[in-house]
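So the chains spell out like this:
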Amino acid sequence: MANKKARGPDKAKTNTDNIVVKKQEDAPDIVKQPPVFTDDSRYLCIASGRQVGIYSIQSGDKVHCLKKHSFDIIGLGIKEENVLYSCDTSGDVIEWDIKDGKLLKKTSVAVDGMKKFCSFYYPGNGMFLLSTPSKNTNGSSLWIVNSTSEREIFSEDIRKEPQSVAFGCDQGNGSLVIGALNYQCNGVLVKDMNSGAEKKHMTDKRKFTCIALHKEKLIMATGDISGRILLWHDFVNQIRPVKTVYHWHTLAVSSVCFSSEGEYLYSGGSEKVMVKWRLEGKHRQFLPRMGSTIKFIVNAPDNICVATSHSDNAIRIIDSTNKINQAIFGGLIKHDPIRGLEDGESKKESVMPTGLVFDPRTQGIFFNSQAGFLQLFDPLRGSMIFNMDIANRNVLTDERNTIIGNAEVLRVAVSPTGEWLATLEVWSNMSAGYHDMNLKFWRYDAVQANYELNTDVTMPHHDRITSLAFQPGLLGTEYPCLVSIGRDLKFKIWRLVDDTDIYRQKESWTCDVAGDFRKMMPTAASFSEDGSLLAIAFQDTVTLWDPMTINLNTTLSHNLIEESIELMEFGRDQCFRYLVCASKSSLFAWDVISKGLVWKVGKLRSPIRCLVPDPKSSYMAVVLQNSEVFVFAPSSSKPVHTITNVKSSEPIAALFVPRPNPLANSPEWLVNSRLLIVDDQQEFYSVDDNSVCGFDEKLTTPISHIDSLPWTPFSAIKAQKQISAAKQIVPVIHQTNGIKGYKSVQSLLETSTSTLPPMSRICNSFMIDLMIKHDTKLMTVKADSENGATNDLPTLMNGHIESKMPALKEEATQQKLLTLDCQWITKN
Amino acid sequence: MASFKKTQIRSLPKIGQKVTADTLYWRKLNFPVTVKEFGPIDYIDVMPIEPYFIAVSSAAKVQIYNPITHQVHRHFTRFKEAAYGASIRSDGKLVVAGCDEGHIKLFDIGSKSLLRIFKGHKGPVHRCKFTADNVHVVSFSDDKSVALWDLPSETEIIKFSEHSDYVRAGCVSSISSDLFLSGSFDHTVKLYDARSPTGSTISVDHGSPVESVLMYPGNSIFVSVGGTELRVWDMLAGGRLLARVSQHHKTITCLHLASDGKRLVTGGLDRHAKIYDVQSYQVVHTLDFPSPVLSLGITPDDFTVVAGMANGLISMQHRQTPAEARALIPKQSLKDQKKSQTTYRFRLNADFRNINRTFNPATDVEVATKNDNSLVSRYDMFLRKFQYSKALDTVLGKYIRKKKPAITVGVMHELIRRNGLKSALAGRDDSSLSIILTFLARNINDPSHSKIIIQVANTLLDVYENSCLTPQSEKLFLHLQEHVNREVEYMKHLMEIEGMLHILLASTTTQTRRGPVNIGQGPPVKVMLPSAAAAANATMVYNVG
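Chains as they are written, first to last, in our numbering: chain P, 485 to 1312; chain Y, 2 to 546.
There's no promise every hint is true.
What the simulated footprint calls covered on chain Y by chain P, stretch by stretch (three residues with Cβ under 8 Å from a Cβ of chain P suffice, anywhere in the stretch; the number is not a length) [what the hints assert, rightly or not]: (1) 155 to 169; (2) 434 to 447.
Pairwise CB distance ranges, derived in the manner of DEER restraints [to be verified]: (3) P:ARG823 - Y:THR21: 23 to 31 Å; (4) P:GLU991 - Y:SER91: 28 to 36 Å; (5) P:LYS807 - Y:GLN280: 50 to 58 Å; (6) P:ARG823 - Y:ILE455: 24 to 32 Å; (7) Y:GLY398 - P:ARG823: 51 to 59 Å; (8) Y:SER468 - P:MET943: 54 to 62 Å; (9) Y:ASN220 - P:GLU991: 32 to 40 Å; (10) P:LYS619 - Y:ARG11: 24 to 32 Å; (11) P:ASN787 - Y:ARG11: 30 to 38 Å; (12) P:ASN670 - Y:GLN9: 37 to 45 Å; (13) Y:SER468 - P:GLU700: 33 to 41 Å; (14) P:HIS717 - Y:ILE455: 24 to 32 Å.
Hints in this document: simulated from the structure, not taken from any laboratory.
For clarity, every value in this text was computed on a predicted model and none was experimentally measured.
Positions of the beta carbon are idealized from the N, C-alpha and C atoms, including for glycine.
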């Protein structure tokens, strides 16, 4: 590796040291830990990564962002009114003032022997509950830590999930009961901290998944994997306490929660339904189709509302009438990995099958959100632009023993202008051998500002489509064209056709050509930058086609290339003539003009995951499965830059994102764009210059201002700051009063004719007095525009576009000299 | 909480005639009332004002029909030989007709008396018309001349003899009393101005004997028919040809405007009447008749369509009144009434024009979108409650499974997706099983549904594999098998034909195209069929919006 670095271009070397890989913090995961309500039930504290966000419940907006932790936060707790505890994995506990977002106190609970923590609870009285991962099993040990740093082990066999520990049962006498779910032996462990009574309750073989204790009453609720909820009465003293069964869920219960009066019980799970049980009489209410699996349910202290955390990275706030009042989104919606795929499919197909697709219209990125949905993410602002329902189907949930899949968006392509969006959605049931496939074409309507479905094609190919690509470089007058390749050994060209008749104006997409090549499987497709050449790889052979006539120009194959090509991209800019192909373990480039293999790099350390061209320069990047990134120009096999310190798990997709302003003093490939990489946890990493800082949220409104004034009806309508769009009226002062030139006329009449100067002398000034004065500026502008009219013509005439790609000649060409350079990438 | 999304029902657009607003409009014509005359119906003219009497000239008489009662209101028989081209004056009081002996006779409709006879033509007069000022008559005669007559003085004002063959078509301008048009068997159409007696102002060549001419109300365009062609001419540009339309496969004989001048109707010897859009000259609908159509008449409100045919039949068709439509389909009417009570918003958008409502709809009337949950179908209700068997039962009702199999198939599709098909099919009694089996057998050949139906049939076989069946059900299973076997046979035949076509196409492509270039040491070229398979690949395309 060191050897290779020395061979890199020297001029870039000074700057490349600055290039770092940063994890994007703009779009954090807000549902890893359960949120916490403040005591007055007006704010919700949400841990996300290393920050704590304080959100207003009424508006759903973020009012504070507390960033002082240097590790991921593992739990939150309210100490007293307006004081929040937060704890990170290293054991640092920070006290925050919620009102103004200030750090009050930082302590460490890390006692010797305990380095890494996995969850944190604050039951009160200066006592913390902390859990550390156990060494042997997948469970954890729960510790009771007093603020005086005394610690005591509660149990060594506790489940890791945050909802497996609960505390409460004040009973009016200040007692505290802690309940926890065992990991291995499947029981509930309860302990009264005052009396020291400890009990272990077990039922049958069904594993418990969640536990809740009421704050005051002595009742406990547990949910298990069969969907049953048990309510335990007097469980601290009795060996066999009385239980009540509440069973509606078919899948495992993921969270249970009591209302503060103890009248109701909330439960939720993967059915995406929140059930509100009335504990007396077993009456229940449902809130169905909540969008995504419920992870946690938290009740507000004054019973006003309930917050549910969902696996799609959203927290929904439900009011007492069972309606969703607010939703807090954590930036990105996470895609639940597709289950039940065939073996041999890469992780990308399951986690983010669409990959990252750049939208030139908004400068955003398209990728999967929930099943059947597509989101557009703005990488500059770090926020989601919209989430779009592609499948328009009800989201189905699993049954107890069967996985029921949903329609998933597998491929997305955006036309070069951004006007058209092509999506492929697939629903398949492998056990029944049945699958549906829809290719949908959406047109962006600028007036309505959304996408409208134009054409919906059922079963566009007989088997799964593997790639979609729009033809770039078209002038506005030509109809757009899309190529799709599928596992049914066919490629199809789709074109927009005019379908207008007297009743309506209509355009729709139809299949223009379907073709195959020697009954080989098409594996990748790419258009040249100007759209004049279409390359389709059939296993190890590359075929070049004319996109207009679909005539085969050339086939390219070589005995050095034996593996099937998986990724293929044309070079951009100066490297337009190179076609870079990647198979599982080798990378090579064809010259499409001389029709020769230019270079090949084989035996890579790890399979190639992504091959992404930079739209703003001629460089390309290759991302390997072991998170190594190589940036190179297609003309040579030597990498310009190598990055090995990406701390992500397996990368699944990458994309060059253009910057709004070019970056000075940086290597050429970073001037106009930066590289984004997504790993299988759907975390974003950015390869960028160190000097560039990410998008900073500036929250300038501290709560204390809003809260300091008592609430009155007038304060609600009083604005914080007054800005008026109305123009201030400047009084118009008339420059002339009375009759124009009155004075000069008067003086002319009053003076006796004998004393008047000669007419030729006074005529000029007299006439000027009578004239209305014109603004001189106005006159000059007019004159300019008359002169300027002719200047436009030459630019219009020069506006024709030349094809960069010279026509391919049909002469059989000699195989080009092959430069084999395997050293830079293979380990010796 | 996301709202429940309706089950998607996919139906392929039917190949052939599309359902458009025009086809719906013209399909509303009732079954025709026919009257038999002795000779071919030469000409039909409709009174332009109410009660829209219809003047029919056939054989040696002119009859005035009442379009409502279909009875003869008046008839004029004072012709020695055949009477031709009776036309009614725009105030509905007079009628003028030509005849074989070359006279033009003017009658009063009220008193039936013969008021004037214009003599001067040497050949039969086939068409005669009142001019726009109602005091002149233009006649078009077989003596190759066109003449303008004065009504009060019964004299000929002007005569043009420019044609070289019979003049069998003519019309007058509806605005100017001086302009008239003649079409002749010498292939020309000529425009005359009575103010310039020297000759015709415009003369155009139609290309075949002209059977009928028509001037648009705006006086800027005229249309001529003859042979199998319809030609449109621009009058203001001095007779520039605007369009040539050839939709009939036999001679076009007559021409009429309909729908307030927005549609043009032509009738021909091929027994069809074609309705065109006057902007694009595309055919929007076709009416069929039992015999070659010689003449057409349409009342200004489109209420009655009258066609005269070569075998002497007059067919009169009325537009359905809403009451009649309801009487014809009583079941639907009930549904409509229910609909109107619940969701009148639909009606406002659909046929607001036809209902004379006293209120004006607000401009912000909400258009019901496809996600509107106000009309949840019964099957959706059951699907929502996970009652799969009941949902399937609902769509296996007689009306849905016979008239709208797409709904049944759509629900089956949803059940496959939900993995609920097995439970929905299981445990059925004999009668409901036979309904399913008959439905499957009937629809398994339908290419748009076959994929789902095959899946359902497979599941059904899995479910009832080991159960005891009654002989009736067994018979139905065998019946289904028979259907499948037959379909397989068809497919084999089709594949054979496809193979033959492939060979033909392959030979043409290899002739026109050079062989593919093979570089390097790849496998040798075997067969290459880049575009041939395009036609064979049937992809189903749905167009939305």
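Tested hints:
1. 155 to 169: Check failed, 0 qualifying residues.
2. 434 to 447: It is violated, with 0 qualifying residues against the three required.
3. P:ARG823 - Y:THR21: 23 to 31 Å: violated, 46 Å
4. P:GLU991 - Y:SER91: 28 to 36 Å: violated, 46 Å
5. P:LYS807 - Y:GLN280: 50 to 58 Å: Given range 50 to 58 Å: holds, Cβ gap about 52 Å.
6. P:ARG823 - Y:ILE455: 24 to 32 Å: For Y:ILE455 against P:ARG823, whose Cβ atoms are near 26 Å apart, the range 24 to 32 Å holds.
7. Y:GLY398 - P:ARG823: 51 to 59 Å: Between Y:GLY398 and P:ARG823, where Cβ atoms are some 37 Å apart, the hint is violated.
8. Y:SER468 - P:MET943: 54 to 62 Å: Taking Cβ atoms as reference, Y:SER468 and P:MET943 lie about 33 Å apart, which means the hint is violated.
9. Y:ASN220 - P:GLU991: 32 to 40 Å: holds, 37 Å
10. P:LYS619 - Y:ARG11: 24 to 32 Å: violated, 57 Å
11. P:ASN787 - Y:ARG11: 30 to 38 Å: Violated - the Cβ-Cβ distance for P:ASN787 and Y:ARG11, about 47 Å, lies outside 30 to 38 Å.
12. P:ASN670 - Y:GLN9: 37 to 45 Å: Holds - the Cβ-Cβ distance for P:ASN670 and Y:GLN9, about 44 Å, lies within 37 to 45 Å.
13. Y:SER468 - P:GLU700: 33 to 41 Å: violated, 58 Å
14. P:HIS717 - Y:ILE455: 24 to 32 Å: For Y:ILE455 against P:HIS717, whose Cβ atoms are near 56 Å apart, the range 24 to 32 Å is violated.
Violated hints, in rising order: 1, 2, 3, 4, 7, 8, 10, 11, 13 and 14; the structure is consistent with all others.
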